[in-house]
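Enquirer: Input sequences plus hints: build the corresponding full structure.
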Amino acid sequence: MATTIELNKVEKRYGAHDVIRGIDLQIKPGAFTVFVGPSGCGKSTLLRMIAGLETISGGDLVIDGTRVNDVAASKRGIAMVFQSYALYPHMSVYKNLAFGLETAGYKRDEIDRRVRAAAETLQISDYLPRKPKALSGGQRQRVAIGRSIVRDPKIFLFDEPLSNLDAELRVQMRVEITKLHERLGNTMIYVTHDQVEAMTMADQIVVLRAGQVMQAGSPLELYNSPANQFVAGFIGSPKMNFVPVRIGDATGISLNGQRLDATRPLAGAIGDPLTLGIRPEHISINEGAGQSLGEAHVELVEHLGGSTVLHARPAFGSETLTVVLPGQQPCRNGDKVPLWIDPARCHFFTPDGQALRG
Amino acid sequence: MAAYDTMSKPDTRKQGAAGGWLAGAIRRNGAGYLFLAPWLIGFFCLTLGPALASLYLSFTNFDLLSAPEFIGAQNYVRMVTADPRFIASIRVTLVYVALSVPLKLAFALAVAMVLNRGMRGLPFYRAIFYLPSLLGTSVAIAVLWRQLFAADGLVNSLLAQIGIEGPSWISNPNYSLYTLVVLSVWQFGSPMIIFLAGLRQIPTDMYEAASLDGASPTRQFLRITLPLLSPVIFFNFVIQTIEAFKAFTPAFVISGGSGGPINSTLFYTLYLYQEAFSYFRMGYASALAWVLVVIIAIFTAFSFLTTKYWVHYDD
Amino acid sequence: MTDTVHDMPGRRSAYPRLTGGLRHAVLIAISFVMVYPILWMVSGSLRPASELFGGDAGLIPSQVTVQAYRDGWFGLQVNFGRFFVNSLIISVLATVGNVIAASLVAFAFARLRFYGQKFWFALMLGTLMLPYHVTLIPQYVLFRELGWVNTWWPLILPKYFAVDAFFIFLMVQFFRAIPRELDEAARMDGCSAWRIYRKIILPLSMPVLATAAIFSFIWTWEDFFGPLIYISEMSQYTVQLGLRSFIDSSGTSSWNALFAMSVLSLVPIFLIFLFFQRLLIEGIATTGMKR
Numbered sequence: 001m002a003t004t005i006e007l008n009k010v011e012k013r014y015g016a017h018d019v020i021r022g023i024d025l026q027i028k029p030g031a032f033t034v035f036v037g038p039s040g041c042g043k044s045t046l047l048r049m050i051a052g053l054e055t056i057s058g059g060d061l062v063i064d065g066t067r068v069n070d071v072a073a074s075k076r077g078i079a080m081v082f083q084s085y086a087l088y089p090h091m092s093v094y095k096n097l098a099f100g101l102e103t104a105g106y107k108r109d110e111i112d113r114r115v116r117a118a119a120e121t122l123q124i125s126d127y128l129p130r131k132p133k134a135l136s137g138g139q140r141q142r143v144a145i146g147r148s149i150v151r152d153p154k155i156f157l158f159d160e161p162l163s164n165l166d167a168e169l170r171v172q173m174r175v176e177i178t179k180l181h182e183r184l185g186n187t188m189i190y191v192t193h194d195q196v197e198a199m200t201m202a203d204q205i206v207v208l209r210a211g212q213v214m215q216a217g218s219p220l221e222l223y224n225s226p227a228n229q230f231v232a233g234f235i236g237s238p239k240m241n242f243v244p245v246r247i248g249d250a251t252g253i254s255l256n257g258q259r260l261d262a263t264r265p266l267a268g269a270i271g272d273p274l275t276l277g278i279r280p281e282h283i284s285i286n287e288g289a290g291q292s293l294g295e296a297h298v299e300l301v302e303h304l305g306g307s308t309v310l311h312a313r314p315a316f317g318s319e320t321l322t323v324v325l326p327g328q329q330p331c332r333n334g335d336k337v338p339l340w341i342d343p344a345r346c347h348f349f350t351p352d353g354q355a356l357r358g
Numbered sequence: 001m002a003a004y005d006t007m008s009k010p011d012t013r014k015q016g017a018a019g020g021w022l023a024g025a026i027r028r029n030g031a032g033y034l035f036l037a038p039w040l041i042g043f044f045c046l047t048l049g050p051a052l053a054s055l056y057l058s059f060t061n062f063d064l065l066s067a068p069e070f071i072g073a074q075n076y077v078r079m080v081t082a083d084p085r086f087i088a089s090i091r092v093t094l095v096y097v098a099l100s101v102p103l104k105l106a107f108a109l110a111v112a113m114v115l116n117r118g119m120r121g122l123p124f125y126r127a128i129f130y131l132p133s134l135l136g137t138s139v140a141i142a143v144l145w146r147q148l149f150a151a152d153g154l155v156n157s158l159l160a161q162i163g164i165e166g167p168s169w170i171s172n173p174n175y176s177l178y179t180l181v182v183l184s185v186w187q188f189g190s191p192m193i194i195f196l197a198g199l200r201q202i203p204t205d206m207y208e209a210a211s212l213d214g215a216s217p218t219r220q221f222l223r224i225t226l227p228l229l230s231p232v233i234f235f236n237f238v239i240q241t242i243e244a245f246k247a248f249t250p251a252f253v254i255s256g257g258s259g260g261p262i263n264s265t266l267f268y269t270l271y272l273y274q275e276a277f278s279y280f281r282m283g284y285a286s287a288l289a290w291v292l293v294v295i296i297a298i299f300t301a302f303s304f305l306t307t308k309y310w311v312h313y314d315d
Numbered sequence: 001m002t003d004t005v006h007d008m009p010g011r012r013s014a015y016p017r018l019t020g021g022l023r024h025a026v027l028i029a030i031s032f033v034m035v036y037p038i039l040w041m042v043s044g045s046l047r048p049a050s051e052l053f054g055g056d057a058g059l060i061p062s063q064v065t066v067q068a069y070r071d072g073w074f075g076l077q078v079n080f081g082r083f084f085v086n087s088l089i090i091s092v093l094a095t096v097g098n099v100i101a102a103s104l105v106a107f108a109f110a111r112l113r114f115y116g117q118k119f120w121f122a123l124m125l126g127t128l129m130l131p132y133h134v135t136l137i138p139q140y141v142l143f144r145e146l147g148w149v150n151t152w153w154p155l156i157l158p159k160y161f162a163v164d165a166f167f168i169f170l171m172v173q174f175f176r177a178i179p180r181e182l183d184e185a186a187r188m189d190g191c192s193a194w195r196i197y198r199k200i201i202l203p204l205s206m207p208v209l210a211t212a213a214i215f216s217f218i219w220t221w222e223d224f225f226g227p228l229i230y231i232s233e234m235s236q237y238t239v240q241l242g243l244r245s246f247i248d249s250s251g252t253s254s255w256n257a258l259f260a261m262s263v264l265s266l267v268p269i270f271l272i273f274l275f276f277q278r279l280l281i282e283g284i285a286t287t288g289m290k291r
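Chains as they are written, first to last, in our numbering: chain D, 1 to 358; chain L, 1 to 315; chain C, 1 to 291.
Hints in this document: simulated from the structure, not taken from any laboratory.
This structure is a prediction, so every number in the text was calculated from the model and none was measured.
Please note: incorrect hints may appear among the correct ones.
[To be verified] Away from chain D, derived, C-beta distances all over 10 Å, residues of chain C:
no., residue
1, ALA25
2, VAL26
3, ILE38
4, TYR69
5, PHE74
6, ILE100
7, LYS118
8, ALA122
9, GLY126
10, MET129
11, LEU142
12, ARG144
13, ALA185
14, LYS199
15, LEU204
16, LEU264
[To be verified] Computed Cβ-Cβ distance ranges for the label pairs, DEER-style:
no., chain 1, residue 1, chain 2, residue 2, range
17, L, LEU158, C, GLY81, 31 to 37 Å
18, L, ALA209, D, GLY353, 46 to 52 Å
19, L, ALA209, C, TRP153, 57 to 63 Å
20, C, ALA29, L, ALA73, 51 to 57 Å
21, C, GLU145, D, GLN83, 54 to 60 Å
22, L, ALA37, C, GLN67, 49 to 55 Å
23, C, SER235, L, GLN161, 43 to 49 Å
24, L, GLU69, C, TRP153, 27 to 33 Å
25, D, LEU304, L, TYR309, 57 to 63 Å
26, C, GLN67, L, LEU158, 24 to 30 Å
27, D, THR178, L, PHE44, 53 to 59 Å
28, C, ILE178, L, TRP310, 34 to 40 Å
29, D, ASP64, L, ALA37, 36 to 42 Å
All C-beta atoms in this analysis are idealised placements derived from N, C-alpha and C, irrespective of residue type, glycine included.
Expert: Here you go:
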């Protein structure tokens, strides 16, 4: 029942300006896919191309085996929830939900049945006679979603739908959209710049940058084995630490004269530069199975209660490292602490940003 | 429907069957051109076509009854060498523009300055000041003006009360044009509204910062208000000048269509009207129309050239 | 803290000395001068014919009579009622044309995408500056060939082809401020361009449609040049032409009757002004055009 979407070398050009540069992507039936990336990466443009709101300059967009590049937006079986909700301000909530069905020429009692069913699902039945401006942000959000589900589309698209809500409501709506996906089972694509939303909601995350896919995979794949330095830095919070190092021998690096076991073969000549990536939560201040990074000077401590964040300057470099320690720690600004890391959890990136796989 | 999409270049790829390119072009552009159609028809049939026709007619002798006779540039030559009424109408119009526009704008700006800053009763004053602009070019107002400045009109009644015996303003060629300038200044309401909107755009904290720096009100006006308002002043200036060049009704009504006394209210457009519809010299009138276009174009281009010296744009 | 700022000399406005009562006194004085001529005309129209001249600058007639209105109304061989009906028909038809045509074209410019859009838009703006005198004579020839001289067609029909770019510009400005996502949502809902225009843009644009309608009505009502050229038969006259004939036929002999008809000719505009002045003022402030 659910729908597959396939993108083959999809491109978008505005004049001489390339916005989307040859994207290949498979979206499995019923998957919740999140496009994530910094602003200007092309994620919204890509979504709008799938929706049919932007033309496709090159390549093929295939939905359920049919090329739909030239199919009108409304004929693709797609519904979209906009960032600003785009509710029709001059129509009641009921009319907003019914409008698309009226346009499609449904009978009045069929429209009524569907509108009431959608309103029931989203718990907005009480607001049907109201105009959008009489609703709160969260209620408007529900109406926007309701407007997309009444038409029973094959695919749902969400363009940063939560960015206008306050933090608390955002968490709540996140859960609701995830539940909605579980219940309906449709293929959904969701665009956000917030990697936390991506990690919590997605079956598959597609990280975009400058119109290209940097990596696509499940949240934990992206977290555990980022394909490149960009994805490594983008996924995870606080951000991964990056330290410039050099190749020491076939399986070890040299960090300020000290050897660190890379636990994997290193391609390249001795002395070539590499970047070591280590997540803040993978650095410890207790002697463990790992290797020592020497002592570090604690510049700032953030006590979050559930965890403790240190900003510490190691002896070997001028950049501070972020360290997340579990629970509450008795550290103070100005302390000296030893840093330990697990080599198996380190990432290595070549100068062009590609990850070295273990 | 897909007419929305072609921000990018038209897609030149073959779309299956022959004629696909045409079908695609229609699909992308059809809706746009359908909606545009009324204007396109109007533009070609009522604007561009007639404009080109009048350019041609300006080189002909045409009395509406027989076919136009091509006479080269004779109409234009006659204008500058053998037509004292043309010269008179240029002179009258330039005097009118040069006096009425600056006075009207100065008045509009002064009143807008007094009205600014959310004072009480602003909507009331604004409405009162705007009313004459709205009644503007109707014949009734010209009738009123003719009577205000008649020998036994309101103005002279008022002057008589302070012991001055006023002339018959309308029928005295020394004064008649100035009554029309007064009429124009009386209609300062619409540029005033535009000034008000412009003044509202100037952030109050600029004045607060300036007064904390000890800038006097005069200095604030010269250094903040005028520069920040200059795009609006420029805009009003261009629009009002073009409108002033096109003024017709008051001169027509006040002079009974003659432009008198002694050509003293012979506005350019009035002269054009006479040539076309009183004497049926349609070729000559067309030449007059094109000269008006050239005058307005030169004026506008010149105004734009000066903007870099005095108009301040935010970048 | 802000109080100290308020007390700074010269802070409140660029004219610290022109505050409070003095400022209102100045404004009231200007208002009075502005409105006085109109009041004087109204007052004159209510006086008996003998009283108007002879130096009375006051506003209070010694005796109020509507005789001037009766004289004026029937002062020409066709009565003024006919002129009012004519003007009303022409103005309403012209207004409908302007609003429909300009909104269609503005929708194309503001909301659709098509090849050559920028080019046409630039041309459209260019016609804003073009004095109508340039097209006057060939248009006259054209309408004469069509046999439309001495009919209302030349005054009405061009409006259905959006010849007054001012209205297009006014509406483009407004349409552009409506969030584009509404159109996109409607497209996802399966709307054609026409349905978006009809069901989304027009209902949301009532203020600008009203503004355009009001300006269009007033300008057509006040238009003198068009009727002067095209209408020669008195039964077809507009109010403005009627007034002008009245001056010609009566000279200065019945000024109070002329005043009476002048006052009547301004009544529709004045009523519109009374009820819609906010729309008029916003229309001017946003486009900054014309009178």
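Enquirer: Run the structure past the numbered hints and jot down the numbers of the failing ones, going up.
Expert: 13, 14, 15
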